[in-house]
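So the sequence lines, in the order shown, correspond to chains A and B. To convert, note that position 163 of the first sequence is 163 in this note's numbering; the numbers rise steadily by one, no gaps. To convert, note that position 39 of the second sequence is 1039 in this note's numbering; the numbers rise steadily by one, no gaps.
It is worth saying that the hints were derived from the structure and are not from the lab. Note that the structure is predicted; figures quoted are calculated from it, not measured.
Okay, the calculated beta carbon distance ranges per label pair:
1) Thr1160(B) with Gly59(A): 24 to 34 Å
2) Pro146(A) with Gln1257(B): 30 to 40 Å
3) Asp225(A) with Gln1257(B): 47 to 57 Å
4) Lys1338(B) with Asp225(A): 38 to 48 Å
5) Thr171(A) with Phe1111(B): 39 to 49 Å
6) Glu189(A) with Arg1140(B): 49 to 59 Å
7) Pro1164(B) with Leu17(A): 51 to 61 Å
Cβ coordinates follow ideal geometry from the N, Cα and C atoms, glycine included.
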Amino acid sequence: MNGSFFRNPITIGIISLLVLILLASTFVIVPETKQAVILRFEQPVGQPINAYKPNEQFGHTGAGLIARVPFIDRVVWVDKRVLDAEYENQQVLSSDQLPLIVDAYARFRVVDPLRMVVTARSETGVTEALVQLLGTSIRNELGNQPFKTLLTPERDKVMENIQTRLQKLATQYGVEIVDVRIKHADLPEGSPLESALNRMKTQRKQQALTIRAEGKKEAQIIQADAEAQAASIYATSFNQDPDFYDFYRSMQSYRRTFGVDSANPTAGSTSIILSPDNAYLKQFQGKR
Amino acid sequence: MTILQGWLQRFAILHSDNPKGPWGGGGDKGGSGSGDGSGGGKEGPRNPWSIPPAGRPRSAGPSALDEFLRRARGGGGGGGGGGRPPIPGAPSARALWLIGIASIILLWVVFTSFHPIAPQQRGVVTYFGRYAGTLDPGFRITPPSPIASVTKVDVQNIRTENFPEPGGPNLMLTNDQNILDLAFSVRWNINNPEDYVFQIADPTNTVRATAESAMREVVANMNLDQAMGAGRSRIEAEVQDRMQRILNEYKSGILVQGVAIKQAIPPQAVNDAFKDVTAAQQDAVAAKNNAQGAAQQLIAGAQGEAAQFDKVYSQYKLAPEVTRRRIYYETMEAVLAKTDKTIVETPGVLPYLPLSPGRKLPDADVVVNGGAK
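Just chain B, with the same shape it has in the complex (with noise of 0.2 Å):
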């Protein structure tokens, strides 16, 4: 404030030897022309507004400048002013500067006083430095900027971590000594902006890394198989609570909403060795399957057979000669009528072979039966 009243001062003297100035009628504003009339600088600013729109010409504002300079490289006399024929349009330059002044302060004053505080955020307000209090949402006023100062903290929003940074892997080393390539994110948000204002230097990394240290941690507590599989979601709840324990030792008003495992897979150069370990359960089940098939096949075939068996033998009890014949001469006329035959009469004659035309096949079977021989 003290820098704008000195401004403002300044100015003022500065054209207070106007001839013409519309506070002509001022009780301590001086003789017209003398130059002096430097106590009507501290009155004059006073009271701007009361100037009639209509007393403003808009060539006021260049003139008053270049009276300026023409002053300023004038050398300073005090009583130069003087000699110099008055400008016309002149009368209102120093009223203008003074609305300029004004309106920069005004502009000040609201931009730096009025804080319109959106739903999700948060004001911290400090005066001089120190902590006055926190603005909620709405539309609210302070003193003007060198006196307060107003962080605004976005509380709602939810910020999120992801680890690793895109490109290259997070390795990290198992409670087996296995490595396993861990790719996660954490969200979070600010649940007491004094604290996120005024105790963490670097809020954002102070996150990252305790959410790497509480990751490794919990990680190095497990087995890789836990940490590919079964365990992730355990993970994922001891990685929060931890980051939240290390965060409130720190004060940092930082809440962590919660910790998601992206991926968790074994390494770029063994992930063969693991996917082989997955086919290989695959082909086992597999074979299984396949055995299993081949059994029912096996069992349902006998079942069949024996109730075949079963059923004729039956059959066979009741009438066993006559059944036993039938099925003979049954067989034998089925089986030779769809053969060549040939009956030879003398036992000792040895069948010229090939017999006959009857046979199609060079090299088919040839069946001695009985006393062929």
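Looking at chain A on its own, in the form it has when it is part of the complex (with noise of 0.2 Å):
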């Protein structure tokens, strides 16, 4: 019975499978973008498995096959490419006292993620941690600044304080911090954002008016030019001779007054009582 024991397809299956169980935890894989360190008994033990090294060459970093003592050690995983953490539409107050709603997010790397086990346990524990401390560097940096400087082109400024901060604070958890933005940093709406709305809208009003004034008066001017322009032509010309001028113009206007101009016909028509003594009468009296 002995020697079959090991003969039986189900003792060998269950043997197999306990083998496969053992390889699996033994044998670990570490990808590129992880970094690995192990836990013995919560105890870090060595160092940690492709840890991340400045300007590294893929395929000559410490990742591939790794072996680790089954059951006993624990491999915790930190990742190690550009992680992102986002402090979201928070209020701040500016140095002149404007409420600003902004968010931002800061691009960090596990640069040591022996610490980063150590102080923060997890990936998401530092991630937490470090919105926390995001949110504090942006206060007391905005704090600082009046609102118009993120207006101006010093906003690159505040941003590398921002992150000056912030890796202040996150070096304890073995962070390096790539990038700090501030991607909103808006009026919150109500009333501040009112207000700003209404300033733009009266501002366009003054603008919409002057631009009418302008129009008009410059059509006034025109139209002065035009009737100087006319007087100086009639002047011109008429002032040959007034005195022809009174006549033939006097001749014009009775051909408009009364009607005779078709092209200016007039209302109405007229009754003349004429005088003998009239001028235009004057041959009726048959005198020479």
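The task is to assemble the complex, starting from two chains supplied on their own in separate frames and drawing on the hints.
Here is the structure:
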């Protein structure tokens, strides 16, 4: 029976399963994107595997197959890539007491996985901690800056300052801050936004009024210029003989007034009572 | 690989006591029916292809399974197989198992070692997680799966990110503290597959966050009118430049192909006021045009009248008295021909009005000329 015990298919199956489990828990694949810290009874053992070094060549990193003591060593994975901590929709007061809604993010990389594991236990832990620290850094920095600064090239400087502040705080977690950026820094909904919009509106109304008035002014000037020019044309011409102009113009005027000028018909009819002394009727008297 | 070998072994052993196996003549195969042919398990599966196809009855599969189950139920006594009557067709059951397993392995190897890489793709290869190279387009072979793994990355496909996500405005502040509603899109692709795969945790999100940050930064350095009008192409170029710098800093392997502003308008709430400014500009132009038209008319009228006078006057100068008389008579003729005339002889006689049935309109003008009064 003893010899056949190992020939029993089920026994063999179980044994190979156990071997498999043992293999699987001994060998671990460390990908390029991860760093691994090995904990033995919750105490870190040795140096972290595939730890981040600046300017590494892929393929020459610590990634690959590693072995550990099964069931005793625990692998804590730490991402090696650039990670993201988002600080969203938080109200911050600028130094001129203007409330701002700020969205910002920090891009970071865990450069000291051992320290990170000791201080924050996990990636989630470190991200949460960083979001808090980012909030603090933003508040402190923006609290020292007037709102207007964010609307100038100074904005770069503000972001750099926040990054410096955050880096100081984040070093304890074994984290390198790659970049801090303010995504939004906007006026909050409600009265600040309303009043800004209102200011824009009134500004535009004023602009519209100015433009209309300017247009009217220019139109009047054009009109006046034309009148002056016309007057000068008339004067030059008529001044040749004011007496004849008087006569000629009155003749034109009679035609016009009494409705003879077919181009400008007048309303109503006219009755004329003439005295025989009238110059027109002087021949009536038969005088010579 | 270890796993698979283990399984192979196991299945081979399960059927090693089959009395009429195709490897019946095999060297280390145990006696038929004795059930202790475990040694054959190691050699048996090495040569599964040698089975003639004719030797494979269709019923073999179920019967092999039945047998396996029966044996499993039987409590696993090593020699238990001896009492069992041999099943017809069972001889090739073991072979079938082996063929099945071998084909699974073959399929596994084929599927995990052959990689057709399309022209727009690159394949990033890792051996046990470690970077081992990048596959160019074509039909490529790597070691099978647990050893090598290939991540295909589409490097030519240009992805587009739209801001804002459909619906809702995308308000941002300009240099003059005005608010702008700006919609834009960013086109990007991957120019370094290794960096793209290994350096960034969430590429799409990174591109989006970078774009938003860069856009707001650039707009914050411009005033509203610039941002809505002439400055647009400058914004696009600057945002692209800034994004690329930031993404390079992250070693993201991403190339920003372009930034396009789709619309830059004032927020909905103040849009009417902005439209009114445009309307005012049109109004101003219209007023000027009208004035210019009227002015042209006025001047042309003056010129015409002056020219008329000049012509007549030049004739008049030649014969002043006659011309004057002629014009006078012609005018009087024209005027009086069309009017009702009354000639009152004696001064001091008041005309009685209405004077004649010739009056056509009750409210006509009455002109008393000369000594009529």
